[in-house]
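A.B. asks: Chain by chain, the residues:
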Amino acid sequence: MEDVAVKAEGISKAYNGHRVLENISFQIEKGEVFGFIGPDGAGKTTLFRILSSLILPEKGEAFVYGLNVVDKYRDVRNITGYVAERFSLYRDLTVEENIRFFATVFGTTLSENYDLIKDVYRNLEPFKNRRAGRLSGGMKQKLALCRALIHRPQILLLDESTTGVDAVSRREFWEMLHKLKAGGMTIALTTSYMDEAAKCDRVALLYNGRIMKTGSPDGIADSFGLDLIQVRSQRLYAVKKELEKLPSAPSVSLFGDSVHVISGEKGLSLEDIEGFLKKRGFEDTQVERSRPGIEDCFLALSRGYKKKGTDGEGY
Amino acid sequence: MEKVIEAVDMTKKFGSFVANDSLTFNVGRGEIFGLLGANGAGKTTAIRIMCGLLRPTSGKITVAGMNVYRQAERIKRRIGYMSQSFSLYEDLTILENIRFYGGIYGLPERVIRRKSQELAEKLDFWRIRNSLIGSLPPGWKQKLSFSIAVMHRPDIVFLDEPTSGVDPDTRRQFWDLIYETAAEGITVFVTTHYMDEAEYCERVCIMADGRIEATGSPADLKELYGAGSIDDVFVKIARPPRG
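Each protein sequence line maps, in turn, to chains A and B.
When you number the first sequence by the numbering used here, it's gap-free, plus one each residue, and the end is 321.
When you number the second sequence by the numbering used here, it's gap-free, plus one each residue, and the end is 250.
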């Protein structure tokens, strides 16, 4: 038990009869960066509100560093740094006032924990007399992170911290997280960006309130078990439309500058696809086998879930 | 190619802050044009000017053949707009939203009825047509919101981060809608933080600190910057080496 940072068993939650979380179980090790990857509406925020003791689970139990999030919520809050999806600091206070206020709430001071937050706070210091409500999105995000670190928590819970943030700022944010991890902090986070999965030690793929899969990014990719073929062309969308007519390919998806084809039970060879496209006038294609990524896995799994749920068309 | 947006030295200042600094670009009819940039690079300001919502400080800008200084109200009738944050009325049903927006765009009642039928078929929602928007999954709302934004057959539809937070499958269905719409001759002007989506645009324009740093097809930009992906191009432009 002593290596476990978070343990959740059978957590369920519903709002107004609508099931948001369904029998969620997982374990996060101490010092791990653990990502819950899923779209809006998957249940990520509800799960993090339960873990941070803000709402009660209907069924199931969760423990943070061995503390039950229901019975021991005060202790949980002392060791947890939670960053909510929405900016939840005082907009009318300055950057510095916000930090000092929250430090006082937790019975500490800025100088006492300055070493922990200095990397993040240095970026904010030129604006320390600016009201929080007038900061840019990226700066608000950094201030929220400072606030969450001010009481030297054992674990950070970051809910959608990178949503709507540009690719460059997201990279900087991840660099900060990896520094904190190097200092021994456990980090649990939610994101809807599939590419961020690769930056986590382990991830859980969350969809419609269920965990579809848990594991390391590589482990999940290795367990994919389906044959993935990647096709490149100058006329990508036209190629995709054409490949959708292949009878033996149940899944054809655009992936940036290529199309990913997952062949069905019969299997498809590279020559099959090349020949198929050539016959239809696509001469410039490059076809090769490829290793699936987290997004391939998520697509395949979520399409399977949709089929079970509805008429096969999903939404 | 016929131009539906032409901007020459488009500039917007807020006090001493230059949000858009001499932007010159054009967008063709039926083109899928992507605008990329870090938060605060000036994308939203540029879009608001082109939508006739914000008066530029200087520059020559025409949208759908109309002048943004003098014909802002007419521009608003010839464009569609959707974003992640501004979409549909949550406490109206699907059909009520369609009727409401149809009315706003000045479509006659019979056209609205026909459009409702068409949309219901295309997006397969007839059985839930009287459900409140608030009860629909997020990805579904975005697809509907897009379809409503082009219901009045605008010359251009502006999409401001339309797929943020949407699941991978729905994100791709959304891009299918974009391609179909562009094929019908409606220009699609889109901003996104998903770099894979930048690859789906015919041309992209990358902004940094209020200026346009690069414009071109994804393939040309990758070659120009010696980069393997648009993500790499973006990082090179938006975060130049410091010091």
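Just so you know, these hints were derived from the structure itself, not from any lab.
There's no promise every hint is true.
The calculated lysine to aspartate or glutamate pairs, modelled on DMTMM-like cross-linking and capped at a C-alpha distance of 20 Å, are [as the list claims (entries may be wrong)]:
| hint | chain 1 | residue 1 | chain 2 | residue 2 |
| --- | --- | --- | --- | --- |
| 1 | B | Lys229 | A | Asp290 |
| 2 | A | Lys247 | A | Glu178 |
| 3 | A | Lys205 | B | Asp239 |
| 4 | A | Lys251 | A | Asp228 |
| 5 | B | Lys229 | B | Glu191 |
| 6 | B | Lys243 | A | Asp207 |
| 7 | A | Lys251 | B | Glu187 |
| 8 | A | Lys146 | B | Asp216 |
| 9 | A | Lys205 | A | Asp98 |
| 10 | A | Lys247 | B | Glu209 |
| 11 | B | Lys243 | A | Asp201 |
| 12 | B | Lys229 | A | Glu250 |
| 13 | A | Lys247 | B | Glu220 |
| 14 | A | Lys251 | B | Asp183 |
| 15 | A | Lys247 | B | Asp98 |
| 16 | B | Lys20 | B | Asp216 |
| 17 | B | Lys243 | A | Asp290 |
| 18 | A | Lys272 | A | Asp290 |
| 19 | A | Lys247 | B | Asp238 |
| 20 | B | Lys129 | A | Glu250 |
| 21 | B | Lys243 | A | Glu91 |
| 22 | A | Lys13 | A | Glu102 |
| 23 | A | Lys205 | B | Asp238 |
Partial selection, computed: residues in chain A whose CB lies under 8 Å from chain B [claimed, not checked]:
| hint | residue |
| --- | --- |
| 24 | Lys36 |
| 25 | Gly37 |
| 26 | Met200 |
| 27 | Glu202 |
| 28 | Leu307 |
Just so we're clear, the structure is a prediction, and the values are computed from it rather than from any experiment.
Note that beta-carbon positions come from the ideal geometry of N, C-alpha and C, so glycine has one too.
A.B. asks: All hints are to be evaluated individually against the structure, with a verdict given for each.
C.D. replies: Consistency of the hints with the structure:
1. B:Lys229 - A:Asp290: Judged against 20 Å, a Cα distance of about 18 Å means the pair holds.
2. A:Lys247 - A:Glu178: Violated, because 37 Å separates the two Cα atoms, which is more than 20 Å.
3. A:Lys205 - B:Asp239: 17 Å, holds
4. A:Lys251 - A:Asp228: 28 Å, violated
5. B:Lys229 - B:Glu191: It is violated: about 28 Å lies between the C-alpha atoms, which goes past 20 Å.
6. B:Lys243 - A:Asp207: 27 Å, violated
7. A:Lys251 - B:Glu187: The given pair, whose Cα atoms are some 17 Å apart, holds under the 20 Å limit.
8. A:Lys146 - B:Asp216: Roughly 19 Å separates the two Cα atoms, so the pair holds.
9. A:Lys205 - A:Asp98: Violated - the C-alpha atoms of Asp98 (chain A) and Lys205 (chain A) are around 35 Å apart, more than 20 Å.
10. A:Lys247 - B:Glu209: At roughly 17 Å apart (the allowed maximum being 20 Å), Glu209 (chain B) and Lys247 (chain A) satisfy the hint.
11. B:Lys243 - A:Asp201: 19 Å, holds
12. B:Lys229 - A:Glu250: The given pair, whose Cα atoms are some 28 Å apart, is violated under the 20 Å limit.
13. A:Lys247 - B:Glu220: 33 Å, violated
14. A:Lys251 - B:Asp183: 15 Å, holds
15. A:Lys247 - B:Asp98: 37 Å, violated
16. B:Lys20 - B:Asp216: Roughly 13 Å separates the two Cα atoms, so the pair holds.
17. B:Lys243 - A:Asp290: Since the Cα atoms of Lys243 (chain B) and Asp290 (chain A) sit roughly 29 Å apart, the hinted pair is violated (cutoff 20 Å).
18. A:Lys272 - A:Asp290: Given pair Lys272 (chain A), Asp290 (chain A) is violated - Cα atoms ~26 Å apart, limit 20 Å.
19. A:Lys247 - B:Asp238: The hint is violated at about 25 Å.
20. B:Lys129 - A:Glu250: 18 Å, holds
21. B:Lys243 - A:Glu91: 29 Å, violated
22. A:Lys13 - A:Glu102: 35 Å, violated
23. A:Lys205 - B:Asp238: Distance ~16 Å between Lys205 (chain A) and Asp238 (chain B) Cα, so the pair holds.
24. Lys36: Interface hint status for Lys36 (chain A): violated (30 Å vs cutoff 8 Å).
25. Gly37: Violated: closest Cβ of chain B sits about 29 Å from Gly37 (chain A), beyond 8 Å.
26. Met200: Check passed: Cβ of Met200 (chain A) comes within 6 Å of chain B, closer than 8 Å.
27. Glu202: 12 Å, violated
28. Leu307: 10 Å, violated
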